[in-house]
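Input sequences plus hints: build the corresponding full structure.
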Amino acid sequence: MKKLILAASLLAFGAQAKAALFINNNTNCTLNVTMFAFDPAHAGCGGLQSSLITLGPFSSVSYATVATLNTTPPFWLGGTMASTAGGPTTWGWTTAKTFFTGGGGGSVGLASCGIPGSVTSVACGSSVTLTWTTLPGSNNILVEAN
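Mapping to my numbering: the sequence shown position 54 is 54, numbers consecutive.
In short, the hints are calculated from the structure, not lab data. For every residue, glycine included, the Cβ atom is placed at its ideal position computed from N, Cα and C. Fair warning: there could be bad hints in the mix.
[Claimed, not checked] Computed spacing ranges between beta-carbons, pair by pair:
(1) 102 / 41: 34 to 40 angstroms
(2) 81 / 127: 34 to 40 angstroms
(3) 89 / 56: 31 to 37 angstroms
(4) 78 / 58: 29 to 35 angstroms
Structure (structure tokens):
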């Protein structure tokens, strides 16, 4: 059922947004994520940093644009406001820094930022792989823990 909801979200947001973010935790551990992004006023791989996003076991969250965190928890760290002026060629997601409650995790993101596209660690007593995927035909990003 969770994958069906995620697929519906991908279709709904994907048709409207050109740089949406989808985070899917397919593990029995709590996943904590700090997202990094950039916009016209905050350049570079870590120009914007989110406050902590916490996903319970087998849960998902999505954000339509980087500006979504201007008004939606967990918000940007320090009250920073993101802009989507200029369209998705001037802003986007760059890195997901993660850790599982109880240990494990890592960072995944854009190779151009020097971040690997996947990383494997031990969380909740089993091997967990985190992946960063740019979805075909868009700048939409899928971060998954499996």
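Right, here's what the structure says about each hint:
1. 102 / 41: 34 to 40 angstroms: At 37 angstroms between Cβs, range holds.
2. 81 / 127: 34 to 40 angstroms: 39 angstroms, holds
3. 89 / 56: 31 to 37 angstroms: Because 34 angstroms falls inside the window, the suggested range holds.
4. 78 / 58: 29 to 35 angstroms: With a Cβ separation near 31 angstroms, residue 78 and residue 58 satisfy 29 to 35 angstroms, so the hint holds.
Of the numbered hints given earlier, the model fails none.
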